[in-house]
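Enquirer: Now for the letters of each chain:
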Amino acid sequence: MPSLADVTRGRILFGGDYNPEQWPEEVWPEDVRLMREAGVTTVTVGVFSWAMLEPTPGAREFSWLRRLLDLLHEGGIEVCLATPTASPPPWLGERYPGTLPVTADGTTLWWGSRNQWCPSSADYRVHALALVEDLAAEFGHHQAVRMWHISNEYGPVCHCEESAERFRAWLHKRYESLDALNAAWGTAFWSQRHADWSTVIPPRSAPYIPNPAQVLDFQRFSSDVLLECFTAERDLLRRHTPHLPVTTNFMTLYKHVDCWSFAKEEDVVSLDSYPDPGDPRAMVRSSLGQDMTRSQAGGPWMQMEMAAGSVNWRGVNRAKPADRLRLEALQAVARGADALCFFQWRASRAGAEKFHSALLPHAGADTPHHRAVRALGRELGLIAEVVGAKVEAEVAVVFDWPSWWALEQRGRLSDRVDLEPIALGWHGALWDAHLTADYVHPEADLSRYRMVVVPNLYLASDRAVQNLTGFVRAGGTLVSGFFTGVADETDTIRPGGVDERLCEVLGVHPLEWRPLDEPVPLGDASTGTLWSEELALAEGTETLATLADGTPVVTRNGTAYYLSTLPSPEYLQRLLASAARAAGVQPALPGLPEQVEAVRRGPLLFVLNHGSQPAVVPLPAAHHELLTDRAVSGDLVLPPRDAAVLRPL
Amino acid sequence: MPSLADVTRGRILFGGDYNPEQWPEEVWPEDVRLMREAGVTTVTVGVFSWAMLEPTPGAREFSWLRRLLDLLHEGGIEVCLATPTASPPPWLGERYPGTLPVTADGTTLWWGSRNQWCPSSADYRVHALALVEDLAAEFGHHQAVRMWHISNEYGPVCHCEESAERFRAWLHKRYESLDALNAAWGTAFWSQRHADWSTVIPPRSAPYIPNPAQVLDFQRFSSDVLLECFTAERDLLRRHTPHLPVTTNFMTLYKHVDCWSFAKEEDVVSLDSYPDPGDPRAMVRSSLGQDMTRSQAGGPWMQMEMAAGSVNWRGVNRAKPADRLRLEALQAVARGADALCFFQWRASRAGAEKFHSALLPHAGADTPHHRAVRALGRELGLIAEVVGAKVEAEVAVVFDWPSWWALEQRGRLSDRVDLEPIALGWHGALWDAHLTADYVHPEADLSRYRMVVVPNLYLASDRAVQNLTGFVRAGGTLVSGFFTGVADETDTIRPGGVDERLCEVLGVHPLEWRPLDEPVPLGDASTGTLWSEELALAEGTETLATLADGTPVVTRNGTAYYLSTLPSPEYLQRLLASAARAAGVQPALPGLPEQVEAVRRGPLLFVLNHGSQPAVVPLPAAHHELLTDRAVSGDLVLPPRDAAVLRPL
Amino acid sequence: MPSLADVTRGRILFGGDYNPEQWPEEVWPEDVRLMREAGVTTVTVGVFSWAMLEPTPGAREFSWLRRLLDLLHEGGIEVCLATPTASPPPWLGERYPGTLPVTADGTTLWWGSRNQWCPSSADYRVHALALVEDLAAEFGHHQAVRMWHISNEYGPVCHCEESAERFRAWLHKRYESLDALNAAWGTAFWSQRHADWSTVIPPRSAPYIPNPAQVLDFQRFSSDVLLECFTAERDLLRRHTPHLPVTTNFMTLYKHVDCWSFAKEEDVVSLDSYPDPGDPRAMVRSSLGQDMTRSQAGGPWMQMEMAAGSVNWRGVNRAKPADRLRLEALQAVARGADALCFFQWRASRAGAEKFHSALLPHAGADTPHHRAVRALGRELGLIAEVVGAKVEAEVAVVFDWPSWWALEQRGRLSDRVDLEPIALGWHGALWDAHLTADYVHPEADLSRYRMVVVPNLYLASDRAVQNLTGFVRAGGTLVSGFFTGVADETDTIRPGGVDERLCEVLGVHPLEWRPLDEPVPLGDASTGTLWSEELALAEGTETLATLADGTPVVTRNGTAYYLSTLPSPEYLQRLLASAARAAGVQPALPGLPEQVEAVRRGPLLFVLNHGSQPAVVPLPAAHHELLTDRAVSGDLVLPPRDAAVLRPL
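Residue numbers (UniProt numbering), protein chains in the order written: chain A, 1 to 649; chain B, 1 to 649; chain C, 1 to 649.
Just so you know, nobody snuck in bad clues.
Derived SDA-like pairs: lysine to any residue, alpha-carbon spacing no greater than 25 Å straight-line:
1) K264/C x E394/C
2) K255/A x N312/B
3) K390/B x T252/B
4) K255/C x Y208/C
5) K255/A x G315/B
6) K173/B x R220/B
7) K264/B x M1/B
8) K390/B x R450/B
9) K173/B x E162/B
10) K255/B x N312/C
11) K255/B x Y274/B
12) K255/B x D272/B
13) K255/A x S205/C
14) K390/A x Q586/A
15) K390/A x G584/A
16) K255/C x R410/B
17) K255/C x G278/C
18) K390/C x F262/C
19) K255/B x G315/C
20) K390/B x R378/B
21) K255/C x L424/C
Everything labelled a hint here was simulated from the structure, so no lab data went into it.
Make a model of the complete structure from these sequences and hints.
Expert: Have a look at this one:
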């Protein structure tokens with residue numbers, strides 16, 4: 001199989017989305033010249049070109065793209081060629097209204113933006129695949145083209161009748177019989193029993209709380225049907241261009257698709273990462289996305305999109321200082337990226353994203369902004385030896401999409417218990433403790449890890465439960481957050497409220513869930529938030545912290561820890577650091593100060609100071625610093641927002 | 001007529017909803033055993049069983065229910081049998097799409113939750129009534145069955161064309177002529193005059209503020225059309241089982257249906273009561289609902305649903321401590337309940353309410369939670385002598401649904417002036433003053449009360465006005481809140497702005513309404529909120545409090561008090577206590593401390609300490625305390641959240 | 001052409017909307033008597049009378065209106081006769097469903113409120129115009145009728161298919177070719193290219209950010225299509241009654257229609273002004289609306305609606321003290337109004353606005369409220385010599401609807417950067433500096449002004465840019481707010497990010513936009529809010545203020561000032577006062593205290609004390625005060641909320 005290494009060939013890819021159809025062709029040569037000057041290696045072309053490539057049904061206007069690819073190739077710029085199927089042209093919706101998505105309340109979503117396609121629509125698929133096939137035939141062997149970028153940020157959801165048909169087929173395959181479906185969905189409750197497949201529909205607007213298992217299966221289906229669209233395109237492309245790797249771009253903590261299932265079908269795993277310059281903990285969120293993507297890739301991965309400056313879809317879109325941009329880029333490389341691409345090369349003068357930053361801003365090349373971009377291009381060249389190297393982690397964090405979907409259904413005990421803040425809370429504590437972690441599917445092989453962390457796994461399959469309990473029985477350290485192992489795969493609550501096998505390993509049994517609306521004090525200055533439980537402790541289970549009334553809240557049973565609340569960050573950091581130490585896991589460097597991130601990738605050590613104060617990092621040995629090309633030893637002093645990339649001497 | 005006494009027969013009923021279709025039949029005998037051990041007398045069966053009883057159109061699957069009823073009967077558990085018409089099966093909506101409700105903006109509400117039925121739909125009624133009739137024939141004479149529970153928490157509203165047809169028929173009956181309708185709706189305003197009945201429709205989405213009289217009549221119609229559904233079922237049941245009482249369950253401060261009109265059609269009045277464990281004043285809200293239900297019942301009533309622990313439909317659903325559960329249960333009995341039922345017996349493992357607590361929790365019978373349930377069952381047995389006894393009140397609070405509906409229309413002077421906080425404010429002041437009150441319809445006979453309280457009666461019919469003024473003229477004490485008597489039954493403002501007859505009795509005439517967005521100081525440390533008025537005072541009207549600028553805000557004219565604001569709780573408590581004293585009304589006991597609730601029911605005196613401190617309650621005579629079976633006299637010391645049930649020795 | 005002077009004839013018109021169809025005819029003579037006693041000169045009749053005038057399709061019921069006009073004429077009350085086309089009767093929507101507006105998400109807006117008409121509907125227009133023509137023929141020469149009021153507060157927007165048709169025709173006229181439209185809309189972005197006119201539609205609900213240029217053009221179209229409705233009525237009326245002036249009523253900072261384009265088509269420009277009694281800066285907002293209306297009128301104008309007391313469409317609708325009402329009325333006259341009309345004469349007893357105040361309140365004529373109305377009527381008689389006089393301003397503020405629409409599209413850099421707060425911020429600073437300003441279209445002749453202020457002009461046409469730069473080159477003083485000159489008429493960003501010609505005149509070039517979510521300190525105690533920029537300064541450009549890091553934020557290049565932030569009010573007031581002084585512009589009086597508004601209109605000087613303390617206003621010469629009929633000189637002492645109207649002696 002082709003891989004990212006076939007594209008990088010020893011270089012960190014640098015570039016971004018390039019949408020030249022927005023400018024007159026006279027601008028293109030200037031673009032290529034400026035790209036070269038900025039160190040750009042690779043651009044992604046054609047993500048939104050469907051209407052230009054197929055202006056009317058069945059037409060093919062490929063000549064402009066050929067001229068463009070030729071020009072890029074002459075200029076030494078390589079191309080990640082996109083299939084343009086994320087944004088159909090207006091004519092598709094007009095001629096085939098069934099391709100337009102319909103919301104749960106029956107509202108049609110029209111053209112005039114992007115993404116207006118129903119993933120179940122046969123008409124959509126026919127037209128998308130025909131164009132993809134012709135593109136592959138026409139350009140798959142063009143010398144500039146090194147990789148395929150399929151569609152974009154998969155996410156459309158549709159509740160139309162054709163979607164209902166496909167949903168029924170998917171359910172039929174999953175459950176085989178209507179009785180099994182009725183059992184799985186618990187339709188005995190509220191008189192929802194289906195006597196005929198024809199009454200099985202997507203969850204649509206309803207008078208009250210919808211059936212959570214139906215919603216969960218529709219989320220599974222919606223992810224799977226998008227994956228079906230992806231693999232259909234991929235299979236076509238592979239037939240034409242078996243030498244070219246394919247990818248599609250994920251987003252950090254993106255709920256619409258199960259990235260584990262997508263990653264398995266890709267040659268290259270890639271991520272769009274947009275940390276918020278206004279968020280002082282943005283590096284926690286971005287590192288979570290990067291660690292997750294690396295884990296899905298099983299090695300080097302591609303940052304497909306990031307912003308050189310502000311985005312345009314938050315409330316207040318803060319500008320991004322140059323030193324922050326540099327830290328974000330180095331953080332991605334440190335955590336396994338072999339490619340750093342941006343949305344987009346040249347800022348759009350029109351359209352819905354004309355205020356999104358670009359490598360080349362509205363104000364042009366002679367600006368501090370673009371000079372920072374060029375400096376970044378240069379620096380990536382200085383650390384190219386990292387390409388292909390792996391990040392090795394001894395800690396794994398369990399993350400699962402179906403559990404996420406099930407956790408956040410309506411009718412739950414607390415609408416504040418969302419997975420995202422919990423995942424960020426736990427990941428932030430690992431980050432604060434300077435512990436690098438992989439992410440794992442709950443049924444993945446855990447044998448190479450010393451410690452496994454489960455921020456929350458509300459829904460756990462039998463295999464997941466066996467996986468986790470087996471890991472502990474084999475000597476592994478498990479740290480589990482609250483409300484884990486509660487439901488089985490059909491979102492049915494386990495007998496007793498929580499899976500008994502898991503309870504046995506953890507040495508606790510929750511008797512009652514007690515959501516919190518205010519933080520409560522733990523033993524010391526720390527607090528617990530979101531949740532608490534009435535816990536029955538097994539013989540031998542140790543209490544590490546209690547509520548004021550003595551209720552155990554953090555427990556340890558051998559190497560298995562349980563937390564019935566989300567502690568404040570400092571407490572969680574200390575707990576994880578201590579559990580890691582006990583499990584034989586050390587941070588990348590001893591004695592790291594706060595706000596400093598240190599990650600080992602292959603032989604290199606990345607040290608990033610995210611703080612606003614200079615940081616002193618004690619180095620245990622002498623190193624060569626690649627960005628400044630100098631030897632360092634003893635105390636490495638890093639100015640605020642500065643970084644070092646160190647190779648042992 | 002059959003009544004609740006036919007069911008209680010000297011026992012306080014104890015039990016709850018039992019939905020055994022959710023479990024394999026093997027579980028049922030265990031359920032019956034555990035029910036017996038917990039002291040359960042009665043369970044409600046079949047509320048959501050339509051799809052199990054009629055799995056396909058016209059089919060009848062009654063055998064499982066017969067086996068269940070037999071089993072319950074053998075186990076000594078009595079049954080309140082529900083008609084399952086609150087939640088039609090999916091096939092009804094699929095085969096008869098007109099049974100699905102449509103919102104004001106045209107959105108169809110689908111199956112997949114519950115309540116998806118249009119109360120005006122002939123197809124719905126045909127199918128619902130056919131099943132009800134067959135159930136009555138089949139099970140109406142089963143020995144286990146003691147009572148009928150019709151539908152559940154009536155509430156569906158629909159704006160479809162069939163609803164429009166029925167709305168027009170309702171209006172035709174109410175107004176007879178289109179001219180009368182035009183006059184009542186004030187259609188001369190904004191060019192809304194109807195020249196033909198065909199243009200008369202439910203209020204649907206519109207560009208701006210809808211016609212408030214049209215909206216009000218649609219709310220009246222929506223309540224009446226639900227009542228029509230109720231009485232249609234009831235009449236069928238009465239034909240088959242004249243010996244069985246029927247009920248349907250209300251909710252506290254539930255806006256959808258006019259409970260006065262429903263209560264008149266029931267044999268037993270019942271209430272679903274869900275005080276929020278996170279609300280320190282929850283006992284005020286629950287006592288309001290209980291006093292209202294008792295007043296509607298005219299005697300003992302049934303608490304059809306309550307929660308043994310948390311619910312699952314608030315934002316953060318707090319757990320419920322056992323002492324709080326006990327207080328809630330005793331409060332209901334104190335205020336007239338002869339039945340305490342819970343939603344539900346056994347916690348659901350699947351479906352939209354699987355996180356709602358139950359008598360038997362997920363964690364099973366061997367839990368503190370279930371032990372508290374059993375203890376409650378035992379204690380209810382100790383106070384069974386209360387069954388059938390009446391609560392006598394000398395104070396009445398006026399409450400009216402049409403006035404509520406009219407008050408909260410769009411286009412009003414302040415969107416903060418909702419009836420619920422006002423009603424709770426006044427009821428809370430009565431509670432704080434240890435005064436037990438009935439609730440009354442504004443046109444009800446008031447002659448047996450000494451004091452009548454009107455928190456707000458924005459809309460008052462001529463009969464209501466005459467009723468209130470006649471009460472004062474007959475020597476009664478009237479305490480009226482602001483913005484009362486403003487509109488007539490068609491939501492037309494009375495000439496002069498407020499009904500002149502009422503003004504005469506109160507000795508005040510509001511010249512201008514002055515809503516408040518901030519509290520304003522009254523004379524002392526108290527404040528007024530929500531509202532103020534420019535008041536003209538009649539000769540002889542006394543000013544009891546003023547705003548800082550001297551504007552009168554609380555007045556007294558003989559035995560008629562008027563408040564042009566909502567005072568802070570302490571002020572309102574003092575005012576009501578003083579007006580009550582002057583009217584010869586005393587609390588249940590003299591010298592009651594704060595946070596202690598004391599209610600007399602028949603010969604028994606219930607004393608509940610809702611506070612977190614021990615309370616000392618001076619008893620004027622020796623009593624027997626039923627829960628502890630001991631004699632008490634002098635100072636009764638009640639620990640926090642403890643209660644006593646006292647019979648004079 | 002007829003004008004407002006033909007109606008005023010030396011009097012300040014005083015009156016309001018009169019909707020007598022809401023009362024029995026017996027009430028009418030009392031109305032006329034009370035009007036006379038209150039000094040009412042003029043009432044607006046028939047705004048919402050369509051259903052009374054045409055109760056069934058094609059019917060004409062004009063006799064009641066004739067009786068009314070006769071009665072008013074006999075009583076000496078003149079009439080502004082309305083075309084009733086703002087609120088069609090229910091039958092229009094029922095018989096012609098295509099006349100009902102459809103929202104972007106496909107929801108139909110029904111009758112039952114008002115404004116339920118699609119401005120593109122041919123059926124609507126046919127029926128509206130036929131009625132208008134008949135009204136004109138019947139009543140255009142009635143002696144009572146002095147003026148036409150066309151429709152009411154134009155605003156309906158529709159996304160239906162007929163609207164799409166008319167939108168396409170409008171676009172065809174604007175762009176001629178589809179290529180030009182594609183270029184203007186930037187459809188190369190996100191694959192939105194149209195290959196056929198049939199796919200061009202209004203912006204409807206879509207999966208993500210809509211095309212901003214499409215939205216902008218739809219807003220232009222929506223304003224133009226309403227104007228088309230207006231001019232169609234106007235042309236009919238002019239044919240019948242060339243002697244009568246026509247108007248329609250605007251609202252302050254009303255986004256739906258481009259008032260510049262409407263004003264050009266009117267004989268009289270009129271405004272509905274509803275300052276919030278709860279807003280301590282309400283006089284800033286009202287003066288902005290009045291200055292804008294005066295500028296659109298080019299002379300005296302008409303305040304068509306205001307409230308004598310509270311309105312009923314805010315959250316909490318505060319009552320209006322009498323002194324505040326008087327100040328509001330005098331402020332309007334000071335700023336050019338020759339007519340003061342109210343919504344409405346007599347408070348409605350029913351309908352959606354029954355809680356809106358009126359000249360004659362629910363509580364009747366013998367109330368403080370109505371006595372204040374009568375006092376106002378008397379005082380307007382005392383200052384009638386102002387009628388026809390002009391307000392002369394040396395400062396102009398640029399305001400543009402398309403720029404407003406474009407600025408606030410989705411996908412922008414900060415959703416807090418709305419035009420309204422910015423416009424109010426700048427206008428408030430001018431008000432605080434006691435500077436009276438006109439408002440101007442960005443392409444208007446600026447030669448009569450010394451100073452031009454541009455709070456924001458995000459979208460600036462080439463002609464607007466040339467106009468502003470030419471003004472500076474001719475010696476004028478320009479003060480420009482941030483983010484001005486960014487986009488051209490198609491909402492395409494100017495090359496370089498900001499128009500180069502404007503940058504040259506201002507001596508600054510913004511290199512990066514940096515929205516703020518928190519205020520930042522400027523040099524002194526002031527702060528900047530909403531926005532900042534990285535600025536490149538040209539040779540000779542002076543820095544007047546910087547951010548803490550030294551970034552220039554307020555600059556001056558000769559007579560051209562630039563502000564890259566919205567400074568706190570005091571700073572902006574000082575800057576504008578200083579720039580005005582330098583430009584030779586003085587306030588109406590020297591030494592005016594805070595909270596005092598002074599405006600010269602013709603020979604008269606209006607001085608209004610909005611403060612809660614007495615104000616001392618030093619008069620440079622002796623004056624006659626018209627309201628008190630006395631001579632004043634030296635220090636004029638004005639009690640709180642009092643006013644003086646001064647004529648130099």
